[in-house]
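> When we follow our numbering, the leftmost residue of the sequence shown carries the number 21, and every step to the right adds one.
Honestly, I wouldn't trust all of these hints.
To be verified - Below, computed lysine-lysine pairings styled on DSS-like, alpha-carbon distance capped at 25 Å:
| no. | residue 1 | residue 2 |
| --- | --- | --- |
| 1 | 85 | 61 |
| 2 | 63 | 31 |
| 3 | 61 | 36 |
| 4 | 48 | 63 |
| 5 | 48 | 31 |
| 6 | 48 | 61 |
As the list claims (entries may be wrong) - With beta-carbon atoms standing in for the labels, derived distance ranges:
| no. | residue 1 | residue 2 | range |
| --- | --- | --- | --- |
| 7 | 59 | 103 | 16 to 22 Å |
| 8 | 85 | 26 | 38 to 44 Å |
| 9 | 26 | 60 | 16 to 22 Å |
Hints were generated in silico from the structure; no laboratory data involved.
Computed from a predicted structure; not experimentally measured.
Beta carbons: idealized from backbone N, C-alpha and C, even for Gly.
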Amino acid sequence: MVTIQVGEDTKIRLLKLAAKLQLELGRKVSIDEAIRFLLRKRKNKDKLMSFFGCLKGRDIREAYKQLQELRREEEERLEKFKKAGL
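Throw the hints in and build the complete structure from the sequences for me.
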């Protein structure tokens with residue numbers, strides 16, 4: 021076992037999480053298990069985000085520019101239809 025230092029607020033939050041997990045699982049849950057639960061939850065969230073194609077950082081700006089361009093093109097296309105009476 022390794023000792024780690026956490027702030028008082030973090031300790032309280034981990035204890036509350038462990039208590040919640042104990043109620044859900046119906047057995048004693050250690051702080052270590054609570055931390056592993058959080059790490060697993062984070063890993064699953066990252067997998068889920070990549071599955072749905074969520075973007076980060078520079079990719080967001082590029083995607084936004086592409087969406088703006090597509091919207092502009094679509095508006096031009098709709099304007100042509102209006103002028104043609106369609």
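> Decide, hint by hint, whether the structure agrees.
Consistency of the hints with the structure:
Proximity of residue 85 to residue 61 is assessed by CA-CA distance (about 32 Å); at most 25 Å being required, the pair is judged violated. For the proposed pair residue 63 and residue 31, the alpha carbon gap of about 22 Å is at most 25 Å, so the pair holds. Our distance criterion of 25 Å between C-alpha atoms is met by residue 61 and residue 36, whose separation comes to about 16 Å. Among the hinted pairs, residue 48 with residue 63 is consistent with the structure: their alpha-carbon atoms are about 24 Å apart, no more than 25 Å.
About 17 Å separates the Cα atoms of residue 48 and residue 31, which keeps this hinted pair within 25 Å; it holds. For the hint pairing residue 48 with residue 61, the CA-to-CA distance comes to about 19 Å; that is within 25 Å, so the pair holds. Between residue 59 and residue 103 the CB atoms are about 58 Å apart, so this pair departs from the stated range of 16 to 22 Å. Taking 38 to 44 Å as the suggested C-beta distance range, the pair residue 85 and residue 26 conforms, at roughly 42 Å.
Evaluation of the 16 to 22 Å hint for residue 26 and residue 60 yields a pass: the beta carbon distance comes to about 19 Å.
Checked against the numbered hints listed earlier, the structure breaks hints 1 and 7; every other hint is satisfied.
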